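Residue numbers (our numbering): 11 to 351.
To be clear, the hints were calculated from the coordinates, so they are not data collected in a lab.
Owing to the predicted nature of the structure, the values given are computational and were not obtained by experimental measurement.
Possibly wrong hints are sitting among the right ones.
Simulated restraints, written as ranges between beta carbons of each label pair [as the list claims (entries may be wrong)]: (1) ILE153 <-> SER180: 19 to 25 Å; (2) TYR171 <-> ILE52: 35 to 41 Å; (3) SER164 <-> TRP325: 24 to 30 Å; (4) VAL336 <-> LEU54: 20 to 26 Å; (5) LEU78 <-> PRO240: 34 to 40 Å; (6) SER216 <-> PRO184: 38 to 44 Å; (7) GLU232 <-> GLY192: 47 to 53 Å; (8) ALA209 <-> LEU54: 33 to 39 Å; (9) LEU54 <-> GLY123: 46 to 52 Å; (10) LEU320 <-> PRO240: 50 to 56 Å; (11) LEU78 <-> PRO219: 31 to 37 Å; (12) ALA131 <-> VAL165: 19 to 25 Å; (13) VAL165 <-> GLY196: 38 to 44 Å.
Backbone N, C-alpha and C define an ideal beta-carbon position, used for all residues, glycine too.
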Amino acid sequence: MTTTSTTPARTGPREPTGGTRPAGRLKDLGRVVLRRYSLVLIWLLMIALFTVLLPGEISGTEALRAVLGQQTPLVFLGLAVVTTMAVGEFDLSFASIFGLAATAVPSLVVLYGWSFPAAAAAAIVLALVIGAINAALVVLVGINSVIVTLGVGSVAGGAAYYVSRETSVSGMDPALSVIALGRFLGLPMIFWYGLIIVAVAAYVMSATPVGRHMLFVGSNREVARLAGIPVTQIRVGAYLASALLCGLGGVILAAGLGGFDPATAETNLMPTFAGVFLGTVAVVPGRFNPVGMLIGVYFLLTGVFGLQLLGLAGWVTNVFYGLALVVAVTVSFLLQRRVRG
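Please work from the sequences and hints to get the whole structure.
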């Protein structure tokens, strides 16, 4: 004898299947936006705050245009640092390499009678030579990167003073300033150069085998080596690419200024590191990435610009950069630990 049992049919509304509820999707989207673009939101709030504190003097649009229009090499230098740190290297010589290139251009043109193209090529070659020395000592010999780049950076800084005869050199052809200061859509060309190289670097690091190899090497060199990735070549290439970016930044800035003071090169050290580490909390949290670095740099420039408008220059600027660096490094460390976990 067989008995059949029946299950009572449910009379209430059924739960949605085949996906998450719309409210859940919106909540997840909100989390992604806050995690990836919270720095952008804070940046916009900062602009709004400075606009309110300076009523009638400057609008938010004017403030943003003034920040983006600053003639600064920080994007070039920040990308140079991102390139080395993405593969697990640490470089303290980038500011000195930039200073050597920026000093060599006007020095060779004004003091030694070179043409601008020859001086620019020589400056980039000098930068690459310094980068090659860093790569040889750190990657091939195996010396600690902090010690090597600190020493090599000091040598590069001394070489800049030697080339310039220990003076601030100026007097290049004013027509050359169009290379950096020529306007496109109301913003100087140096801004657009930075935007282009960041876009190219972001594509390379996220959508090409070279970029994936860089991430593998930065995460774990031994595992990357066992996977057949050319770890040595990737590390050497990172130092050379970093030096090339510093050299290009130096040439462009020197053309825009018509000269350069080698004593000012080291002032870029703190804001560059602060921008790079701030960038690890944006776009790709926990990783050194070009777009995040770009956002971090202009976030810092906005803060400094606002402080200057409020009459709080000098020591306040140094405090702002220092606090930004400490907070950025702390948040970056926590994010990277979470990613590894």
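| query | When the hints from earlier in the document are held up against this structure, which numbers fail? | reply | Structure breaks hints 1 and 8.
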